[in-house]
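From first to last, the protein sequence lines are chains A and D. The first sequence runs 0 to 437 under numbering that gives the first Met the number 0. The second sequence runs 0 to 257 under numbering that gives the first Met the number 0.
If you're looking for bench data, these hints aren't it; they were derived computationally from the structure. All residues carry an ideal CB built from backbone N, CA and C; glycine is no exception. Incorrect hints may have been included.
For each label pair, taking beta carbons as the anchor points, the in silico distance ranges come out as [what the hints assert, rightly or not]:
hint, chain 1, residue 1, chain 2, residue 2, range
1, A, Pro285, D, Ser6, 33 to 43 angstroms
2, A, Gly358, D, Asn112, 38 to 48 angstroms
3, D, Lys200, A, Ile61, 24 to 34 angstroms
4, A, Phe51, D, Asn237, 32 to 42 angstroms
5, A, Leu48, D, Lys200, 29 to 39 angstroms
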Amino acid sequence: MAQLIFLVLLLTVGFFATKRFLRIKNIISLGSEEVISGHRSERLKRLLLIAFGQKKMFERWIPAIMHLFIYVAFLFTQVELIEIIIDGLFGTHRFFVDKIGSLYTLIINFIEFLSLGAFVATIIFLSRRNLLKLARFQKPELNGWPTKDANIILFAEIVLIIGIFSMNGSDYLLQSIEPEHYKSTGHLILSSHLAPVLFGGLDASSLHIIERFGWWLHILVVFGFVLYLPYSKHLHIFLSFPNVYFSKLDSAGKMENMPEIMNEVKSMFGMEVDATSSAMTSGEIPTFGANDITQLSWKNLLDAYSCTECGRCTSVCPANQTGKKLSPRKIMMDVRDRAEIVGESIFDMGVEKEKFDDGKCLFDHISREEIHACTTCNACVQACPVLINPLDIILKLRRYEILTESSGPGDWVPMFNAIENAGSPWQMSVDRDEWSKS
Amino acid sequence: MNVITMSEFANNGQSPEILFWVGCAGSFDARAQKVTKAFCEILNHAKISFAILGNEEKCTGDPARRAGNEFLFQMTALQNIQTLNMYAIKKIVTACPHCFNTLKNEYPELGGNYYVVHHTQYLETHLSEVKIKFDEQSDTQTVTYHDSCYLGRANNIIDSPREVLSKLKLDLKELKRSKLNGLCCGAGGAQMFKEDEPGNKRINTERAEEIIENGSKIVTANCPFCLTMLQDGIKEKNQQDNIMVYDLAELVLNKIVK
């Protein structure tokens, strides 16, 4: 019976989770094409150092260590999770215990220590957000759902760890009562201390209930987590890997070229135009830059879905630090919010991508004031532990504003005119090399 | 000052060792002009033959591109590339990190391929070619260094300026936010050419406060926009008589035995 319930649950969760994750993949594919290829070894190196190795997290030591506990605990608990799934499906108990010998004892001990670390880290993370009120977690873009989202995940982590320790602790005590069913896991350092304190003196049947409770709690939290993930800001646990792999390798200062405009200007100047690159199609009114997610690249959208709203970008943004409205984190959150709206129409309501038009765009989420405040200093790009690039999006919005709408800050008009007419952002009446003559 | 243009070189059938890309600020801004002249003097002391483009030089297009005006960027950039390619320029040095970034990183895709260095890197490699004097009294003071975004984060040039300061035997006291974590002066991304968006402080004021807190009497910069912004910020704090903002080239020139 329990096996059947487990199977049905597993399949149901698997079905809905797959559907939801495919939906995210489809939404990311709504972004425009951007060919990112080559440099495999350099990209793999980044993947290892920055994604797996969390190199950039360690620019801030304290959160890095706490995060590391949660991350490594997450990685290793997968062993236990696989065992739970096997046990759940086949009615076995601790399937791996007599298969891998003392390695099993080592792994479970390791998981227990990591879980304890993760427990402490989660408590600290919760208090940083809710008691210490760390500045980067108090910005207006986190009001409401994002703050709740973060707390839900941290709370779920605590429940999961409670599940692990109730399961292991009661199991450990039962090993001496019913050794034929509860096969020895070997000495569990933490559980051997914790279990007598928590469950000492309980009879076998109560312990059995606690063991099952812990077991089911563990797997149910995992199921809930898998279903919840696609709705939360927590996708970085998967998406940071591809996001780091596909991140920009050029100098941070290099802006993406716009070949269609380059070729137009080249032909205007009578310069040779590379025939292989796409020339501007005449007749159509072209759109340059981006005012919606379909004009952003798929990588920009992957960035948005990889963002876990930690706010390191915003905390180093010179504009944000001096009270301007710009917050790079908000840019990423807005792009994702807009992507969800567009995705809902296209994938849930069946509107054709080409025909989609709800009369709204990214500028309904991101104000002009925000993108005008950016100094393109790259501090946000530098700060992101998973190599998200908010600047690229800001610049695409600026391009839309100037090139497609012909609007933008009025102050820039004299600068544009001077560059066009005088070859300098200032209209000067003296020669360019006047300085050399005095 | 004896500065020869590229066209004069070409007329004599000669070519210089390197082209000095002066940039708009270096050409027209009174403060940046001093840096331009200082750098030319250093090149003369080091007996390096160099040329400028003079009136044939145009804005690289950095502020236009970052404002979003790609058309204007392409227009000015492609004109520059035509000029540079006509003279078959191979090596360029510039005192402006924005020009440097655009020439080095963005011109290649447009058909302009040159070996581009910032004056900071050039000073680092060529400092051994001039004679430096060290006077004891003034060397006891610390100097600080402000990383410009377009050298630091944008192009990872972190060590070169510090190396030059150390070769000048200046005692560097780092700002709180430095190197890859340096704080912007507030001028990049075409902010130099517009009013600030509403906020509670100017970015250069924030940076000036950090500089004052640092306690050094000399701030080294190597970007014409940073120079202006830092000076304005320090002036706003009424510290202009106590804290001097110098370009790295000015510090070098000051130590050269003439």
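Now for the hints, and whether the structure bears them out:
no.	hint	result
1	A/Pro285 with D/Ser6: 33 to 43 angstroms	holds, 38 angstroms
2	A/Gly358 with D/Asn112: 38 to 48 angstroms	holds, 46 angstroms
3	D/Lys200 with A/Ile61: 24 to 34 angstroms	holds, 28 angstroms
4	A/Phe51 with D/Asn237: 32 to 42 angstroms	violated, 51 angstroms
5	A/Leu48 with D/Lys200: 29 to 39 angstroms	holds, 36 angstroms
Of the numbered hints stated above, the single one contradicted by the structure is hint 4.
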